[in-house]
Amino acid sequence: MSPSPLDRRSFLGLTGAAFVCTLAGQRVSTEEGQIDVDRLAGGVEVPPRVAAANGSAASASAAAVATASAQVREYWIAAEQRPWNIVPTHRDQMMAEPVKGHSTFEAYAYRPYSPGFEAPLGPATVPGPLIEAEVGDTVVVHFRNRLKAPVTVHPHGIFYSNEMDGAYKGKWTDPGGFVQHDRTFTYVWECREGTEGTWLYHDHGPMDPLPVFRGLFGPLLIRKAGEAAPNRDFFLAFHTWDPSTTGLRNTYYCVNGKAYAGNTPTLEAKVGERVAFHVYGVDNFFHTFHLHGHRWTEPDGTIVDNRTFGPADSFSFEIAEDNPGRWFYHCHVFQHLHQGMNGWYVVS
Amino acid sequence: MSPSPLDRRSFLGLTGAAFVCTLAGQRVSTEEGQIDVDRLAGGVEVPPRVAAANGSAASASAAAVATASAQVREYWIAAEQRPWNIVPTHRDQMMAEPVKGHSTFEAYAYRPYSPGFEAPLGPATVPGPLIEAEVGDTVVVHFRNRLKAPVTVHPHGIFYSNEMDGAYKGKWTDPGGFVQHDRTFTYVWECREGTEGTWLYHDHGPMDPLPVFRGLFGPLLIRKAGEAAPNRDFFLAFHTWDPSTTGLRNTYYCVNGKAYAGNTPTLEAKVGERVAFHVYGVDNFFHTFHLHGHRWTEPDGTIVDNRTFGPADSFSFEIAEDNPGRWFYHCHVFQHLHQGMNGWYVVS
Amino acid sequence: MSPSPLDRRSFLGLTGAAFVCTLAGQRVSTEEGQIDVDRLAGGVEVPPRVAAANGSAASASAAAVATASAQVREYWIAAEQRPWNIVPTHRDQMMAEPVKGHSTFEAYAYRPYSPGFEAPLGPATVPGPLIEAEVGDTVVVHFRNRLKAPVTVHPHGIFYSNEMDGAYKGKWTDPGGFVQHDRTFTYVWECREGTEGTWLYHDHGPMDPLPVFRGLFGPLLIRKAGEAAPNRDFFLAFHTWDPSTTGLRNTYYCVNGKAYAGNTPTLEAKVGERVAFHVYGVDNFFHTFHLHGHRWTEPDGTIVDNRTFGPADSFSFEIAEDNPGRWFYHCHVFQHLHQGMNGWYVVS
Numbered sequence: 075m076s077p078s079p080l081d082r083r084s085f086l087g088l089t090g091a092a093f094v095c096t097l098a099g100q101r102v103s104t105e106e107g108q109i110d111v112d113r114l115a116g117g118v119e120v121p122p123r124v125a126a127a128n129g130s131a132a133s134a135s136a137a138a139v140a141t142a143s144a145q146v147r148e149y150w151i152a153a154e155q156r157p158w159n160i161v162p163t164h165r166d167q168m169m170a171e172p173v174k175g176h177s178t179f180e181a182y183a184y185r186p187y188s189p190g191f192e193a194p195l196g197p198a199t200v201p202g203p204l205i206e207a208e209v210g211d212t213v214v215v216h217f218r219n220r221l222k223a224p225v226t227v228h229p230h231g232i233f234y235s236n237e238m239d240g241a242y243k244g245k246w247t248d249p250g251g252f253v254q255h256d257r258t259f260t261y262v263w264e265c266r267e268g269t270e271g272t273w274l275y276h277d278h279g280p281m282d283p284l285p286v287f288r289g290l291f292g293p294l295l296i297r298k299a300g301e302a303a304p305n306r307d308f309f310l311a312f313h314t315w316d317p318s319t320t321g322l323r324n325t326y327y328c329v330n331g332k333a334y335a336g337n338t339p340t341l342e343a344k345v346g347e348r349v350a351f352h353v354y355g356v357d358n359f360f361h362t363f364h365l366h367g368h369r370w371t372e373p374d375g376t377i378v379d380n381r382t383f384g385p386a387d388s389f390s391f392e393i394a395e396d397n398p399g400r401w402f403y404h405c406h407v408f409q410h411l412h413q414g415m416n417g418w419y420v421v422s
Numbered sequence: 075m076s077p078s079p080l081d082r083r084s085f086l087g088l089t090g091a092a093f094v095c096t097l098a099g100q101r102v103s104t105e106e107g108q109i110d111v112d113r114l115a116g117g118v119e120v121p122p123r124v125a126a127a128n129g130s131a132a133s134a135s136a137a138a139v140a141t142a143s144a145q146v147r148e149y150w151i152a153a154e155q156r157p158w159n160i161v162p163t164h165r166d167q168m169m170a171e172p173v174k175g176h177s178t179f180e181a182y183a184y185r186p187y188s189p190g191f192e193a194p195l196g197p198a199t200v201p202g203p204l205i206e207a208e209v210g211d212t213v214v215v216h217f218r219n220r221l222k223a224p225v226t227v228h229p230h231g232i233f234y235s236n237e238m239d240g241a242y243k244g245k246w247t248d249p250g251g252f253v254q255h256d257r258t259f260t261y262v263w264e265c266r267e268g269t270e271g272t273w274l275y276h277d278h279g280p281m282d283p284l285p286v287f288r289g290l291f292g293p294l295l296i297r298k299a300g301e302a303a304p305n306r307d308f309f310l311a312f313h314t315w316d317p318s319t320t321g322l323r324n325t326y327y328c329v330n331g332k333a334y335a336g337n338t339p340t341l342e343a344k345v346g347e348r349v350a351f352h353v354y355g356v357d358n359f360f361h362t363f364h365l366h367g368h369r370w371t372e373p374d375g376t377i378v379d380n381r382t383f384g385p386a387d388s389f390s391f392e393i394a395e396d397n398p399g400r401w402f403y404h405c406h407v408f409q410h411l412h413q414g415m416n417g418w419y420v421v422s
Numbered sequence: 075m076s077p078s079p080l081d082r083r084s085f086l087g088l089t090g091a092a093f094v095c096t097l098a099g100q101r102v103s104t105e106e107g108q109i110d111v112d113r114l115a116g117g118v119e120v121p122p123r124v125a126a127a128n129g130s131a132a133s134a135s136a137a138a139v140a141t142a143s144a145q146v147r148e149y150w151i152a153a154e155q156r157p158w159n160i161v162p163t164h165r166d167q168m169m170a171e172p173v174k175g176h177s178t179f180e181a182y183a184y185r186p187y188s189p190g191f192e193a194p195l196g197p198a199t200v201p202g203p204l205i206e207a208e209v210g211d212t213v214v215v216h217f218r219n220r221l222k223a224p225v226t227v228h229p230h231g232i233f234y235s236n237e238m239d240g241a242y243k244g245k246w247t248d249p250g251g252f253v254q255h256d257r258t259f260t261y262v263w264e265c266r267e268g269t270e271g272t273w274l275y276h277d278h279g280p281m282d283p284l285p286v287f288r289g290l291f292g293p294l295l296i297r298k299a300g301e302a303a304p305n306r307d308f309f310l311a312f313h314t315w316d317p318s319t320t321g322l323r324n325t326y327y328c329v330n331g332k333a334y335a336g337n338t339p340t341l342e343a344k345v346g347e348r349v350a351f352h353v354y355g356v357d358n359f360f361h362t363f364h365l366h367g368h369r370w371t372e373p374d375g376t377i378v379d380n381r382t383f384g385p386a387d388s389f390s391f392e393i394a395e396d397n398p399g400r401w402f403y404h405c406h407v408f409q410h411l412h413q414g415m416n417g418w419y420v421v422s
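If you're matching them up, the sequences are chains A, B and C in order. With this note's numbering applied, the first sequence corresponds to residues 75 to 422, in that order. With this note's numbering applied, the second sequence corresponds to residues 75 to 422, in that order. With this note's numbering applied, the third sequence corresponds to residues 75 to 422, in that order.
Okay, chain A solo, but in the shape it has when bound (with noise of 0.2 Å):
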């Protein structure tokens, strides 16, 4: 077999484990296998505005820091490479199957930092960490991107002008939809009326969305003014590894980062409790979350137990834990849910 021809497009129509590759915009031919993503970053030329703002010491958004009036919530957030283990226990708690197969991978993950980046608060993760405000605040996230393609941080939800997108528009582009190697970007968010509610943020620079796949996302939470928060707040990412990105042999169907429940995030409750279920989607496919042994009220007035969302759809709902037990949350495309898309629920 001669190399496949592959690039950052080609690699999208993916459909289970398989992709299909288009034929359009090949830059690169690889072997089946892992996508080079630094290789690809190399041929993508430096916006002029980006170009321009390299030479500048100032930061653009500077003075926007400094006239927020409302209270300021600050974060060192650096995008570093890190190996993933997918399935650590290599075992599948709900089927009692072992998993076969090497499950580990250098991930791309979103990494906090105390002020300044003196030190690390913890490790890089899949997801990152979380963000968050109460309306009101200005949200400020200095970005350093430590991976040698460039990346980004682009949130959904919050309120952000033009320049603060975080996106590759092209031509176009803005500093902070470009952060190159070793450079930082300061972005400023602001949490105006209207941007409550459960969102995510991610990378949405030039690579992407490979980045993305390989684990540059994270979870955004902007609560009301005031707002008690609940007993427990549970993120859940429901997304994928694939091969293409992760040069393993399998597809894994994942919430936060793992796959399997044992692997998956084992979320704890107790009788009594009010529990805020936060769930988002970031991968090419559509998903429901289903919980066992509970239901919730939707914003519409009707009573589910399962609901579907897409890629980037991010909802919440909250329950007054009622139903001690061992109970499964998981997708309930019976294909992603068997490929590892499932967790435990414990309430005691």
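Take the hints with a grain of salt, since some may be wrong.
Since the list can't tell identical chains apart, any single copy or any two copies may satisfy a pair.
Derived pair list, reagent style BS3-like, types lysine-lysine, alpha-carbon separation capped at 25 Å [as the list claims (entries may be wrong)]: (1) K174 - K245; (2) K245 - K344; (3) K222 - K298; (4) K245 - K222; (5) K222 - K174; (6) K344 - K222.
Everything labelled a hint here was simulated from the structure, so no lab data went into it.
Since the structure of chain A is already known, use the hints to place chains B and C on it.
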């Protein structure tokens, strides 16, 4: 061609009529064609709590039934195998075409019985019998498994304690999550406040989802207490028969086990009637429900004539019938529509 | 390679750029490539009621028009064939890349005419012309088929009697469900109470869905009586051009017939304006609509910036424009986004 490796998990990467094998968790190799569920079931160990309960004369659920003070709705349901013809007319009335190919296979189906399993109340059907109750009721399902492989009944929406969820959970499995050949388990579920709605029930045992994809699912309706029933209640399961579970050559996109108008349910109503549609999904795919010549108001107040839903989603709507004629209902995914997921709604 | 058997039904198992043949209902064999609709249409029998009506001078709908007391909105629309360039700039402005490959094919498109089909009001377009009315109005569409294959106009949402549904129904087909080459049929539809909303119309004739997938669809808006229009109304169809219907090499994920920013509609608005988006789906896939820098309130009160919708789903939302800049709108299925389903929204 050498035999394809194929097991419970590997068949799940379905896309249209094709399936993509995953390489994890292979337990058997089979020729292309129907997965041998009984053979696979032979490799599943009896979970410890199930083995312990097998020696016990008392049903784990007897106490619960005895203490139920509300009205008890009692059902006797067996899981059985039976021949099932997906396209009995061998015609597609929508397109006025023949539907070629053998369309009968050995399905799994729930069958209703009189008390004590004295006599069948009718044939085993796909979907299984309607389980119907009101808020405040207790539902008791005496379930007998006449299949060789262990299967269960797992309900949506209704309240159940942990040992009544009918779900296989590996070493944590309760007897209700692993009902063996020729054994009976009695499920006790409660229609508490906040469980009203249209739901589904289905197998969730150790062979999941193979038995579901061979027919083990059915509708569950919980009305509000004292609520007046409409003139017509139509329960419509949107699902797929796949070659790997039927052994047939083609994939069929079905409503209630049948494919193509004239085989799927021909619904009938009269002008002036209140007509309720109860729709749910039971496969790997997302569907829409579209009804010609009619529209309805969603709980959020929007008016629609087409609605997206996913696996295990269920929803209901009611119309005041005002438009006589021969109408289609169908999934509006064009591929699904034209591979059988359509039927007649005849209003006189 | 021997010719692949391929017909109207067999092309339906589309997955990304590939299609999976089903084996049912084969009528012709073709080389890989564009399906020959005209040739297939030659094999379809004229339904009995259509044949009977062909000899009649009077339109079946004349009486209905005459008795309509409300305002009549009258349209003259033809279905025509025309060359259609999906990527006229041969550039993807989002990723600043060329889009290689021939992108012009012979589309089917609805074209607006002056009364009596005197003169075209503009070119045939994909989507077709907006049909617009208010609750209380009667919509009359004089439809002329200039294609060789029989096609129709089937509307969503609006009220229509059975013979006005524009749907092929095999032997039950009315003349409006099978409009032959060079014939005209007049559809009469009513904007009754409870039909307000954004809808779509599309072919639903005997070749369905081939003509839809070659461009026969368009938007239908029914405003509430006396409702003030927003400053801007954007109608966006999310759909796919597939090799089997275009004869082109690639699959294109499109908005309004075009793929990739700079080719898809560049929407323009000004700060302070009320801007309405009307979005609908017309292919085999589920999509999301995401708008950068903005969010909106759903009818159930939730705030979102991304929404899932399926084939023939349609929805609208309105924003009070407050955020200048060059923004993206796009489907957030990453595969679709990067195969063309994105565009610019420029706010000044």
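Which earlier hints turn out false for this structure, listed by number in ascending order? Of the numbered hints, 3, 5 and 6 do not hold.
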